[in-house]
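There are 2 protein chains.
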Amino acid sequence: MDARPVTDLSKLCIHSITTKPWSIEEAAKNFSAAGVKGITVWRDALEGRNIRETGEMLREHVLQIVSLCRGGFFPNKTSAKRKTAIDDNKKAIEEAAELGAPLIVLVCGSDPNQPLEDSRKQIKDGIEEIIPFAAAAKIKLGIEPLHPMYADTRSAINTLAQANDMAKEINSKWVGVTVDVYHLWWDPDLEYEIKRCGANKHLFSFHICDWNVPTVDMLLDRGLMGEGCIPVKKIRSWVEATGYIGFYEVEIFSNKFWKEDQSLFLKKIIKAYKENS
Amino acid sequence: MDARPVTDLSKLCIHSITTKPWSIEEAAKNFSAAGVKGITVWRDALEGRNIRETGEMLREHVLQIVSLCRGGFFPNKTSAKRKTAIDDNKKAIEEAAELGAPLIVLVCGSDPNQPLEDSRKQIKDGIEEIIPFAAAAKIKLGIEPLHPMYADTRSAINTLAQANDMAKEINSKWVGVTVDVYHLWWDPDLEYEIKRCGANKHLFSFHICDWNVPTVDMLLDRGLMGEGCIPVKKIRSWVEATGYIGFYEVEIFSNKFWKEDQSLFLKKIIKAYKENS
Numbered sequence: 023m024d025a026r027p028v029t030d031l032s033k034l035c036i037h038s039i040t041t042k043p044w045s046i047e048e049a050a051k052n053f054s055a056a057g058v059k060g061i062t063v064w065r066d067a068l069e070g071r072n073i074r075e076t077g078e079m080l081r082e083h084v085l086q087i088v089s090l091c092r093g094g095f096f097p098n099k100t101s102a103k104r105k106t107a108i109d110d111n112k113k114a115i116e117e118a119a120e121l122g123a124p125l126i127v128l129v130c131g132s133d134p135n136q137p138l139e140d141s142r143k144q145i146k147d148g149i150e151e152i153i154p155f156a157a158a159a160k161i162k163l164g165i166e167p168l169h170p171m172y173a174d175t176r177s178a179i180n181t182l183a184q185a186n187d188m189a190k191e192i193n194s195k196w197v198g199v200t201v202d203v204y205h206l207w208w209d210p211d212l213e214y215e216i217k218r219c220g221a222n223k224h225l226f227s228f229h230i231c232d233w234n235v236p237t238v239d240m241l242l243d244r245g246l247m248g249e250g251c252i253p254v255k256k257i258r259s260w261v262e263a264t265g266y267i268g269f270y271e272v273e274i275f276s277n278k279f280w281k282e283d284q285s286l287f288l289k290k291i292i293k294a295y296k297e298n299s
Numbered sequence: 023m024d025a026r027p028v029t030d031l032s033k034l035c036i037h038s039i040t041t042k043p044w045s046i047e048e049a050a051k052n053f054s055a056a057g058v059k060g061i062t063v064w065r066d067a068l069e070g071r072n073i074r075e076t077g078e079m080l081r082e083h084v085l086q087i088v089s090l091c092r093g094g095f096f097p098n099k100t101s102a103k104r105k106t107a108i109d110d111n112k113k114a115i116e117e118a119a120e121l122g123a124p125l126i127v128l129v130c131g132s133d134p135n136q137p138l139e140d141s142r143k144q145i146k147d148g149i150e151e152i153i154p155f156a157a158a159a160k161i162k163l164g165i166e167p168l169h170p171m172y173a174d175t176r177s178a179i180n181t182l183a184q185a186n187d188m189a190k191e192i193n194s195k196w197v198g199v200t201v202d203v204y205h206l207w208w209d210p211d212l213e214y215e216i217k218r219c220g221a222n223k224h225l226f227s228f229h230i231c232d233w234n235v236p237t238v239d240m241l242l243d244r245g246l247m248g249e250g251c252i253p254v255k256k257i258r259s260w261v262e263a264t265g266y267i268g269f270y271e272v273e274i275f276s277n278k279f280w281k282e283d284q285s286l287f288l289k290k291i292i293k294a295y296k297e298n299s
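Protein sequences appear in the order of chains A and B.
Mapping of the first sequence onto my numbering: residues 23 to 299, in sequence order.
Mapping of the second sequence onto my numbering: residues 23 to 299, in sequence order.
Check the hints yourself; a few may be wrong.
Note that the list lumps identical chains together, so a pair holds whenever it fits in one copy or between two copies.
[Stated by the list, open to error] Taking lysine to any residue and the SDA-like style, the derived pairs with C-alpha atoms no more than 25 Å apart in a straight line are:
(1) Lys146 <-> Tyr214
(2) Lys255 <-> Met171
(3) Lys293 <-> Val28
(4) Lys278 <-> Met240
(5) Lys278 <-> Met171
(6) Lys256 <-> Met171
(7) Lys42 <-> Val238
These aren't lab readings, by the way, just hints derived from the structure by calculation.
Isolated chain A, as found in the complex (with noise of 0.2 Å):
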C-alpha cells in the first residue's frame, strides 16, 4: 500500500548538488522562497566559502542543515591512501560542525584492485577510527548502501542488509544507515531491511529520485519521481511504518536537468514532490 500523499513542503529537503548550476546562496535562496524546508549541502558547494557562515547563511533562510554530503571512500589497497580518506573524513566532520550539520553521508568506497571482502573490512575499519571524532563533534555517520553497479569503485556496500549488518556490527549511536531509492529499489529484501533498520532505530535519512527507463547514463541520468519505475510512495510507506519522520530528500544528478534553467526544474521537482513521492 502507498503512504498517504503529501499534502505540504514541510519534509521536502533538496540536495545541493541537485541544482548544481547554482550556487548554495542561489540555491538556498530560491529553495526557500519555494518553500522548501531542508537543504543537504555537497561539500564541492562550499569551496573557497567560510563554512560557518554559509551555515548562518542557510539558517536566515529558514533551510535545516539536514546533512553534510559526504564522506567515505575508506578503502584503498594501499595503508598511505586509506590514511588520506580517514584524515578527509576528520576534515568532513569538522566541516559538518562548522556548517551545523547533525548527520554526514558515507558513500563508503570500494577499491577494484582487492577483493571486495578487503574493502569492506576497510570501510568498517575506517567508520570505527573516525567515530571518536564523530562523537565529539556529535556528528551522526549514515552508512548509504550504493547500487551494485557501483561496487568496482564507489561502495563495497551494496544491499540495505550489508548496512544494517555493519551498523549492528559497529554498534555506535553515531552510526547509521541512510536509504536512497535509486540504489535499493530492485532488492527484494527491501521492506523487510527497512522494518530491521528502523528496529534498530539507524534510519538516518532518506533519499529519494528516480529510475529512468532507459537509464543513458550509469551515473548521471537519475530521474524525478514518477518519471521511471521506482515505486517510490510505496518505498516511503515502509520507511514511515518504522517511525521515521525526517526529511525526504531529493538527490538527483541529471545532465539533462542540469541544463534546463534551474527555476524550472525547481518548479518540477516540487510538482514531482507532491505528486509522485
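With the hints as your guide, set chain B onto chain A.
Chain B alone, transformed into the frame defined by chain A:
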C-alpha cells in the same frame, strides 16, 4: 583460494554473440580450428538458416552445443503480450531441440510498468507453463539472475538467491540456474548461494567475462577475463566445489571488441581464458 589453473581448452565454450561480426559458420570454423570445444548459440545467429543442419554443421566441427540463448522475457502488464512470450518460449524449445542444444538460458524479463513482485510472479507462472513442452523435448531451462542494473526491463530476478528460491519452488528437474559472474560478482552471499545451487543439483551453466573499470556502457562494455575487477578464478573455484563439470562459457558483449579483427579477438579470449579464468 583460487581454482587450479585451466591447462587446456577442454571446458572452453564461447557464445556466438561474443564474436558477433562472424556468422555462425565462420564462428564454427574458427572456434574449432583454435581448439575451442563448446559453443552457445544465440537465436539471432540462426536467422535464415535450417536449424537442424546448423546443429549438424556445429557437430561436424566437433563443437559441443552447450545452450541456446535465450528464452524468457515473460512479464508484461498485458496478458496478450504474456501469451506472445509463452509462444516465443515454446518456439525456442523447438529450436533448441532442432539444433541439439540441451539447455535454454532464460533472461526472465521485467516490465517497468508494474511492480517487480508482479513481474516475478509472471516469471514463475511463465516457466511453469512451458515446463511440459521443455520436458517433452528434453530441454532444460536455466534461470539466469541478471545484474540489478537490468531490473527495469531485462530481469526481475537479480540475485542468485532469488533464482535458487524460484528453481526450488518450481521443483522440476528441467528447471535450474545459470550463473554469470558479470551479474553476480558483487553479491556478498555469492559463495553461499553457489553452494546452495550445487547442493540442489540445479547449477546448469556458468558464464564468464569481466567488469571493466570504468564501465562506459551498461550493456555493451563487458571485458575479457583479467581486464576488470571480477575474481573469476575464485568464483570458478566455488562453482567447481559444487561438483560442476560443465563448460566455462565466455559471453562478452562489447562494442570495442566487435570493432576489432575477430581472429585477433579470439586469440585474446583464449589467452585470457588460460591466464585469468
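Do the hints match the structure? See the list:
no., hint, verdict
1, Lys146 <-> Tyr214, "both (23 Å within a copy, 22 Å between copies)"
2, Lys255 <-> Met171, "both (24 Å within a copy, 21 Å between copies)"
3, Lys293 <-> Val28, "within (11 Å within a copy, 58 Å between copies)"
4, Lys278 <-> Met240, "both (13 Å within a copy, 18 Å between copies)"
5, Lys278 <-> Met171, "both (21 Å within a copy, 20 Å between copies)"
6, Lys256 <-> Met171, "both (23 Å within a copy, 20 Å between copies)"
7, Lys42 <-> Val238, "both (19 Å within a copy, 23 Å between copies)"
Hint compliance for this structure: no hint is broken.
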